[in-house]
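Listed here are the chains, written in short residue letters.
There are 2 protein chains.
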Amino acid sequence: MGSTRARIAIDAMGGDHAPSEIVAGALRAQAELGVEVLLVGDPKQIAASTPNASNLSSLEIVPAEGTIEMGEEPLGALRRKPKASINVAMELVKKNRADAVVSAGHSGAAMAAALLRLGRLKGIDRPAIGAVFPTMIQGKPVIILDVGANVDCRPKFLEQFATMGSVYSQYVLGVSAPKVGLLNIGEESSKGNDLALRTHQLLQENQAISFIGNAEGRDVLSGHFDVIVCDGFVGNVLLKFAEAVGEVALQILREELPQGLHGKLGTSLLKPNLKRIKQRMDHAEHGGGLLLGVDGVCIISHGSSQAPSIFNAVRLAREAFDNRVLERIQANYDETNQLPTVSSSQVDS
Amino acid sequence: MGSTRARIAIDAMGGDHAPSEIVAGALRAQAELGVEVLLVGDPKQIAASTPNASNLSSLEIVPAEGTIEMGEEPLGALRRKPKASINVAMELVKKNRADAVVSAGHSGAAMAAALLRLGRLKGIDRPAIGAVFPTMIQGKPVIILDVGANVDCRPKFLEQFATMGSVYSQYVLGVSAPKVGLLNIGEESSKGNDLALRTHQLLQENQAISFIGNAEGRDVLSGHFDVIVCDGFVGNVLLKFAEAVGEVALQILREELPQGLHGKLGTSLLKPNLKRIKQRMDHAEHGGGLLLGVDGVCIISHGSSQAPSIFNAVRLAREAFDNRVLERIQANYDETNQLPTVSSSQVDS
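Chains as they are written, first to last, in this note's numbering: chain A, 1496 to 1844; chain B, 1496 to 1844.
Don't read these hints as lab results, they were simulated from the structure.
Source: prediction; values computed, not measured.
Among the clues, some could well be false.
Stated by the list, open to error - A short list of chain A residues far from chain B (calculated; beta carbon distances all over 10 Å):
(1) Ser1515
(2) Arg1523
(3) Pro1538
(4) Arg1621
(5) Thr1630
(6) Lys1735
(7) Glu1738
(8) Ala1739
(9) Gly1741
(10) His1757
(11) Gly1758
(12) Arg1775
(13) Asp1790
(14) Ala1802
Stated by the list, open to error - Below are the DSS-like pairs computed for lysine-lysine, each with C-alpha atoms no more than 30 Å apart in a straight line:
(15) A:Lys1759 x B:Lys1617
(16) B:Lys1651 x B:Lys1617
(17) B:Lys1766 x A:Lys1773
(18) B:Lys1617 x B:Lys1576
(19) A:Lys1635 x B:Lys1651
(20) A:Lys1617 x A:Lys1589
The beta carbon of each residue, even a glycine, is placed where N, CA and C say it ideally should be.
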């Protein structure tokens, strides 16, 4: 924890509602979260985007030129635009002028920029994006990873996701011995596709995590698992489906609740309760995904993020920084890296 | 269509609530759906399971011995228990004593029994389980396949799923030119894992279906797609997640709506509206998955099915039979099987 205020670099130019909503979220985060915000982007556009430009004096604006557009191929675009906002934001972390990056821009570009400029943590083959979902049990969220960084995975990648997710669950979400599940199509260890079968075995042999078995689709939100690992294809489909399904449920409520005279009266009485329901179902409350495995705290927010999402993303970044998630993942690998040396020489002899 | 009543063989012994709930659903289906029910199982247990055993005289009971248990390996168990209820039910279709099978038992065993006893339709490499989901647009459901039959798929399997799903959508759900989507992690054709990339190309080249592009997780329930194809791993995770998430939403409603005095009053006024909401969110309303690609109509219901699910599964079976889904899938392949002969000889020359 300590008394150091987290310095958060926010990509002001990335996302469907950039820069206005990003700036609004950044201003609120600076005012309420006890963090130091560095807003990265075109100073003119940033100034023009807010009705209260004078408020901008409360935070630092770091100039950048251009942004990576959604259609662009990440690596090429990052090279062509070295001063693009996401590149500049990552550089701030690299140069230790910031502790974390928040971006709602091109997620592939954010990931590539993080890899290029910050590099991977030792022991991690592939970074993963973790998403925190609320579950049936209030106050007991689950972190699912990967939700989109790696579409084709090998078993050891998923094992690393399990380690990183466990660290996050333990040190940010406060779960003492996080229960890890493998997303699969049945409870039995004999179930699953080739990747799931081989990963199951690896996870079972890993003594550093608490693997409790397969998690089916229906178990994701049950609250029985603290960490669920899967490849980035399945995870991304699930994440986007989950976000949309909350909206479907809210729409069904909007259509059905006010039907009829009793319906209209009842619905008007329930306004505050419906607001709480909306909060529990709305993905904007959850801020964004954490890119785990690169040497810096990076929050990848939704392209559709508005001010509340950005605010929550900054809070997520602050929590990851304050709780030293990266150091703890790294420490985990420093320790376990020594163990295999012993056991593999035993195997060899 | 015609005047022939569909003859539906129901596996009375399969499922968590067998035989009582299965028998209850079967009796209701026989009474209300204009079908002829053949109840397959242990006559004593069937008789003991219902408070109105006299009602059983309205339908035919076909004796069977034992059932495939959830933990059993399907192929071995089916061979060891030739008189198991699922085997007997499939035999009834094979011998043309029934037109369709409904089972809530071991889904792997139902699939294997269908393959062994009924065989595949010509042109189909792998049967798929299709699940019909309601969408944001009322009255415009989407069929998703495969939701569990094939965990590791090749692109041509998914192409066949697209054809079978289109036939189902057109002739059972009444959509004139079903829009087909490929479940993927982005809209662009360059997005996806290896399977998705290669399948995208195949679907684009297939002139017999209306492929309109990738469907992301958020598009599944949007109503913009009539058919969505994916491998059985992703599809199964999605199906089970979707079913559970409806329950999560209902639980959030149950917890939050009656809070406070206004909440209690408002909720009591909304009782009928809440019942409609429950119906729209509850998966029991949707009956079960259709096993497409085998030479017989097979509905694979949920293990947790109770009477309403079985009733809806029988309705689904009747619709598939009445609308001659199997013949139409087959016809599709008989036609298209001739086309490639011409074009491939053109390519060769």
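### Message
Would the non-interface assignment of A:Ala1802 survive a Cβ cutoff of 10 Å against chain B?
### Response
holds (21 Å)
### Message
Does A:Lys1735 clear chain B by more than 10 Å, comparing its Cβ with all Cβ atoms of that chain?
### Response
violated (3 Å)
### Outside-interface status for A:His1757 - nearest CB in chain B farther than 10 Å
Violated, since 4 Å does not exceed 10 Å.
### Task
Would you assess whether A:Thr1630, listed as outside the interface, keeps its beta-carbon beyond 10 Å of every beta-carbon in chain B?
violated (8 Å)
### Outside-interface status for A:Arg1523 - nearest CB in chain B farther than 10 Å
Fine: 26 Å to the nearest Cβ keeps A:Arg1523 off the interface.
### Query
CA of B:Lys1766 to CA of A:Lys1773, is that 30 Å or under?
holds (20 Å)
### Task
Classify the label on A:Glu1738 as holds or violated, using whether its beta-carbon is more than 10 Å from each beta-carbon of chain B.
Since the minimum Cβ distance to chain B is about 6 Å, A:Glu1738 lies within 10 Å and the statement is violated.
### Restraint check for B:Lys1617 with B:Lys1576, where alpha carbons must lie at most 30 Å apart
holds (28 Å)
### Check on A:Asp1790 being off the interface with chain B, judged by Cβ distance over 10 Å
holds (25 Å)
### Message
Hint check: A:Lys1635 vs B:Lys1651, CA-CA at most 30 Å. Holds or violated?
### Response
The given pair, whose Cα atoms are some 42 Å apart, is violated under the 30 Å limit.
### Task
Below or equal to 30 Å on CA atoms is what counts here, so check B:Lys1651 against B:Lys1617.
holds (14 Å)
### Query
Taking C-beta pairs only, is A:Arg1775 more than 10 Å away from all of chain B?
A:Arg1775 is in fact no farther than 10 Å from some Cβ atom of chain B, at 5 Å.
The structure is inconsistent with the numbered hints 5, 6, 7, 8, 9, 10, 11, 12, 15 and 19, although it conforms to all the rest.
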